[in-house]
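The lines below spell out each chain.
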Amino acid sequence: MSTVRDLVATRRDNAVMDAGAVRAIRRAILTAIAVPGYQVPFGSREMPVARGWGSGGLQVTMALVGSADVVKVIDQGDDEGVNAVNLRRLILRASGATETDDVSESTIVQTRHRIPEAGMVDGQILVLQVPEPEPLRGVERDTRELERMHAEADYAKMWVSLYEDRVRNGMITRTTGYPCVVAGRYVISTTPIPRWDVPALHRAPYLALFGAGRAKRIYAIPPDTTVEPMTFEDVPFEVEFTPGARCRHCGSDDSYLVSTPREEGGETWACSDTSWCRARRHQRGAQ
Amino acid sequence: MTNITPVAPTLAVVGLGHAYGGIDDTTIAETGPAAGTSKHARTGTVVAAWDVSFDVAGGEALGVIGESGSGKSTVMKSIAGDIMPTTGRVTLQRGDGTTAVITEMSPAEIRALRVNDLSIVHQNPADGLDLRITAGGNIADRLTAAGWRNFAAIRERAAELLTRTEVPLDRMDDPVGSFSGGMRQRVQLAKALANTPSVVLLDEPTTGLDASIAAGVLDLIRGLLDEFGLAAVVVSHDFSVIEMLTQRCVVMQHGRVVEHGLTDQLLEDPAHPYSQRLVGAARA
Ligand SMILES: Nc1ncnc2c1ncn2[C@@H]1O[C@H](COP(=O)(O)OP(=O)(O)O)[C@@H](O)[C@H]1O
Ligand SMILES: [Mg+2]
Numbered sequence: 019m020s021t022v023r024d025l026v027a028t029r030r031d032n033a034v035m036d037a038g039a040v041r042a043i044r045r046a047i048l049t050a051i052a053v054p055g056y057q058v059p060f061g062s063r064e065m066p067v068a069r070g071w072g073s074g075g076l077q078v079t080m081a082l083v084g085s086a087d088v089v090k091v092i093d094q095g096d097d098e099g100v101n102a103v104n105l106r107r108l109i110l111r112a113s114g115a116t117e118t119d120d121v122s123e124s125t126i127v128q129t130r131h132r133i134p135e136a137g138m139v140d141g142q143i144l145v146l147q148v149p150e151p152e153p154l155r156g157v158e159r160d161t162r163e164l165e166r167m168h169a170e171a172d173y174a175k176m177w178v179s180l181y182e183d184r185v186r187n188g189m190i191t192r193t194t195g196y197p198c199v200v201a202g203r204y205v206i207s208t209t210p211i212p213r214w215d216v217p218a219l220h221r222a223p224y225l226a227l228f229g230a231g232r233a234k235r236i237y238a239i240p241p242d243t244t245v246e247p248m249t250f251e252d253v254p255f256e257v258e259f260t261p262g263a264r265c266r267h268c269g270s271d272d273s274y275l276v277s278t279p280r281e282e283g284g285e286t287w288a289c290s291d292t293s294w295c296r297a298r299r300h301q302r303g304a305q
Numbered sequence: 012m013t014n015i016t017p018v019a020p021t022l023a024v025v026g027l028g029h030a031y032g033g034i035d036d037t038t039i040a041e042t043g044p045a046a047g048t049s050k051h052a053r054t055g056t057v058v059a060a061w062d063v064s065f066d067v068a069g070g071e072a073l074g075v076i077g078e079s080g081s082g083k084s085t086v087m088k089s090i091a092g093d094i095m096p097t098t099g100r101v102t103l104q105r106g107d108g109t110t111a112v113i114t115e116m117s118p119a120e121i122r123a124l125r126v127n128d129l130s131i132v133h134q135n136p137a138d139g140l141d142l143r144i145t146a147g148g149n150i151a152d153r154l155t156a157a158g159w160r161n162f163a164a165i166r167e168r169a170a171e172l173l174t175r176t177e178v179p180l181d182r183m184d185d186p187v188g189s190f191s192g193g194m195r196q197r198v199q200l201a202k203a204l205a206n207t208p209s210v211v212l213l214d215e216p217t218t219g220l221d222a223s224i225a226a227g228v229l230d231l232i233r234g235l236l237d238e239f240g241l242a243a244v245v246v247s248h249d250f251s252v253i254e255m256l257t258q259r260c261v262v263m264q265h266g267r268v269v270e271h272g273l274t275d276q277l278l279e280d281p282a283h284p285y286s287q288r289l290v291g292a293a294r295a
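These protein sequence lines are chains H and R, in that order. So the mapping is simple: our numbering equals the position in the first sequence, first residue as 1, plus 18. So the mapping is simple: our numbering equals the position in the second sequence, first residue as 1, plus 11.
Read the hints as simulated data drawn from the structure, not as lab findings. Where is the CB? At the ideal position from N, CA and C, for every residue including glycine.
Label pairs and their calculated CB-CB ranges:
hint, chain 1, residue 1, chain 2, residue 2, range
1, R, Ser-64, H, Val-22, 53 to 63 Å
2, H, Gly-202, R, Leu-180, 28 to 38 Å
3, H, Asp-183, R, Gly-240, 29 to 39 Å
4, R, Gly-234, H, Gln-94, 53 to 63 Å
5, H, Glu-256, R, Glu-177, 29 to 39 Å
Construct the complete structure from the given sequences, taking the supplied hints into account.
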């Protein structure tokens, strides 16, 4: 599943979605690819998971996946997270696809919160589960005004909020969902990934699809598309970094680390991408 | 022989008319000062403004006076592009020498015009400012809309404008909602001037302020109009405001212009009975 031809090919229904639903979502995906960053409305179906628990991402995956696919599902970077396990089980059972935790083996990676540290390549598809697709939600409530702002690429209010953030806090405080301009046109929310993962989206060789079940929106970053974080010319975009922090398992200081408080005080750090961390340890061990 | 090239006025309003409701052959004839109302008795149509024409040159301010309901806001909204008038034409000369025909522009074009070429200072600061964001942020709104993307340059420009409108710079990073009424009006002026528009519309800019505060804001506006060479239209029910800010003015009654002249002369020696009544009441 990697070409437009695949997307327009006939599909049987699967145990989770009927053929009509598959077609409708594929149509939305094709539109999303044709207009990078534009939020395409789609008729979100009832899924065997609650909306807001990956139902958007799941629908995107279910519209793509077939028995020949190899699927990796992560939650907070972890293949063994409860959500990841449940979603993966559902996908495999309904489609006959096989599972993996190895990015390089996968054809589809469905994720919440992270982009795998190990780079993906042309032909693979990254599916992101999006809780809130509207990047301008924090600066504008009115739906028609939001539509107008996107239609006219009028993002002044977002710039003002970035200005205010800097004036009041002296730095970028937004952690996840950093607003980015896709292909020089539409601003998207990169929910729910941290700033750390944002640079990976820029001119990525793979297709990234964002599915929001509750808001019934799909948007896409086609391969080799520019993704620029909104930032003032003289204020460099910075990713999360804690000086001195290293993964307690693999010793990494160049991956996205999450902290846990230590009983005796202070905190310890570990890679949020668990399969990547494991692979590193094996590599080290082999040396 | 000298050859005088006529210079197009910065703002030109020609035959402007706007009716709320349908109009036919009789609607116009049966409304206005002679009829004693702008509301058409038979159809209920309100001829809010009709046959309004005037020019404003750069560096000039024109006053619009008249009682409540006489059509002042309708004229202002038509110039601002907030309403599409029933008839007439409004043109604006942009700073770059191009002409904008406001009455033929799309909503998106109007918005761009309002960012770059035409500003409005509202009576109520909340209509022109976001009170939750800082004074600098309100100005940044205009600048970023015009394409400014350099944080330091935006800060510098905002500081320059706030200095000019006499807002203490140590308040620049405070939310405008924490400001006094007079200070909010000064921030509104700074925002209005951010992208050096060629036209500014001032709608009762000092109404609602204490007299002593209003006097200071009026002084400031007067200085800004002179300095920036703007074409300004000032709506006020207050003759002292019109007298202080404008060189010419029009008097509106029941949707029509009943008198048009130099402000000094008009206030000294009003010709139309309605103007005489207004001036008389103001002088009393
Ligand atoms: N949206 C509207 N619908 C119907 N009538 C209106 C509307 N807006 C204004 N009018 C009427 O148009 C006339 C002129 O109003 P306006 O331009 O607001 O006058 P002013 O600003 O001088 O008080 C009034 O009779 C007013 O009631
Ligand atoms: Mg009015």
